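S.K.: Sequence:
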Amino acid sequence: MSDLNKIPVTVITGFLGAGKTTLIRHLMQNPQGKRLAVLVNEFGSVGVDGDILKSCADENCPVENIVELANGCICCTVADDFIPTIEALMALPQRPDHILIETSGLALPKPLLKAFDWPAIRSRITVDGVIALADAEAVAAGRFAPDEAAVEAQRLADDSLDHETPLSEVFEDQISCADLVLLSKADLAGADGVAAAKALIEAEAPRQLPILPMEEGRIDPKVVLGLNAAAEDDLHSRPSHHDGADDHEHDDFDTIVIELPEVSDPEALNAAIVRLAREQKILRVKGYVAVTGKPMRMLVQAVGERIRVQYDRPWGDAPRVSRLVVIGEHDDVDPTAIRTVLLPEAQEA
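Number 349 marks the last residue of the sequence shown (the numbering used here); no jumps.
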């Protein structure tokens, strides 16, 4: 007999580098007896996040249950990519009990929720909940202008200031669409930072939301999974800056991929990435680097000037090719200037 129960889907959204992949790794390692499937939507052509998750595959979430979509925003390619991928996951020999979707850091979640109304999948799948991750330290610093009155006052006082930046719109749409907000990197923010971030998000949210601190992606899966929100039927309570628009664009952001020679001094490369954030306002750098004399590849994850590196697994027979994905707002991405900073550092190292 056919199983008429809808498969629950959790949409995990959040700003660049907020820790979405780390959270999903934790859920994969603590599946609560559920068989999971994961859909990762990368912004750019190098599938760093999907590769990280595949390295954590096990019997509860085998490699074939982890799918990457790197051809653009999944809510912009519904018919070509999203629907067929969801159908393929539901058609696996062992049907998943729960599907996790990691959106791009630049994604607007509400258009994705609308995709769940497509006839091909509506009767078979439901959005269990939308989880928004927010970097507690960054939010506490007030980088996303939640005080609209103050921003409006600034704009009126200075005609050169915009009311909002594209980044603030992305952040606000993600919070507005969420059923639960997780404040990641709470240890870096400290108690005062977490309290400040929570207050800022509460002021921004259109309704009361649970806002919980989190470190290293660790949180009880029972808090995240099983919300039964049916979010696709609750769009009216999730306002968006883009309500009424037929579509949305990601032209405010650009992505380039930089290939590097082998690096013998990773610290020099780290310094170059800090320069990109400081001097060229680059938002995000991530990828893999071949370090001279090291059999394992070095995973680089940078958000602004904050960088984390780790050696995740041996290169093996794979080509020792270093690739970094660099993401920034459109006007800040100058490929020549970025290469000028990164390549000399790599060659001199």
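Just so you know, the hints here were simulated from the structure itself, not pulled from any lab data. Since this is a predicted model, take the numbers as computed values, not measurements. Hints may contain errors.
[Unchecked claim] Derived DSBU-like pairs: lysine-lysine, alpha-carbon spacing no greater than 35 Å straight-line:
| hint | residue 1 | residue 2 |
| --- | --- | --- |
| 1 | LYS198 | LYS281 |
| 2 | LYS114 | LYS198 |
| 3 | LYS294 | LYS198 |
| 4 | LYS114 | LYS281 |
| 5 | LYS198 | LYS222 |
| 6 | LYS222 | LYS114 |
| 7 | LYS6 | LYS281 |
| 8 | LYS6 | LYS222 |
| 9 | LYS294 | LYS6 |
| 10 | LYS34 | LYS6 |
| 11 | LYS281 | LYS34 |
| 12 | LYS6 | LYS114 |
[As the list claims (entries may be wrong)] FRET-style restraints, in silico, Cβ to Cβ:
| hint | residue 1 | residue 2 | range |
| --- | --- | --- | --- |
| 13 | ARG339 | LYS222 | 43 to 53 Å |
| 14 | ALA88 | ASN228 | 22 to 32 Å |
| 15 | ALA191 | MET296 | 32 to 42 Å |
| 16 | PRO84 | ASN228 | 39 to 49 Å |
| 17 | THR292 | THR340 | 14 to 24 Å |
| 18 | LEU188 | ASP312 | 35 to 45 Å |
| 19 | GLU202 | GLY316 | 26 to 36 Å |
We put the beta carbon where it would ideally sit given N, CA and C, even for glycine.
S.K.: Hints first: check each against the structure and report whether it holds.
M.R.: Checked hints:
no.: 1; hint: LYS198 x LYS281; result: holds (26 Å)
no.: 2; hint: LYS114 x LYS198; result: holds (28 Å)
no.: 3; hint: LYS294 x LYS198; result: violated (42 Å)
no.: 4; hint: LYS114 x LYS281; result: holds (33 Å)
no.: 5; hint: LYS198 x LYS222; result: holds (21 Å)
no.: 6; hint: LYS222 x LYS114; result: holds (26 Å)
no.: 7; hint: LYS6 x LYS281; result: violated (44 Å)
no.: 8; hint: LYS6 x LYS222; result: holds (19 Å)
no.: 9; hint: LYS294 x LYS6; result: violated (47 Å)
no.: 10; hint: LYS34 x LYS6; result: holds (14 Å)
no.: 11; hint: LYS281 x LYS34; result: violated (41 Å)
no.: 12; hint: LYS6 x LYS114; result: holds (17 Å)
no.: 13; hint: ARG339 x LYS222: 43 to 53 Å; result: holds (47 Å)
no.: 14; hint: ALA88 x ASN228: 22 to 32 Å; result: holds (25 Å)
no.: 15; hint: ALA191 x MET296: 32 to 42 Å; result: holds (36 Å)
no.: 16; hint: PRO84 x ASN228: 39 to 49 Å; result: violated (26 Å)
no.: 17; hint: THR292 x THR340: 14 to 24 Å; result: holds (22 Å)
no.: 18; hint: LEU188 x ASP312: 35 to 45 Å; result: violated (22 Å)
no.: 19; hint: GLU202 x GLY316: 26 to 36 Å; result: violated (48 Å)
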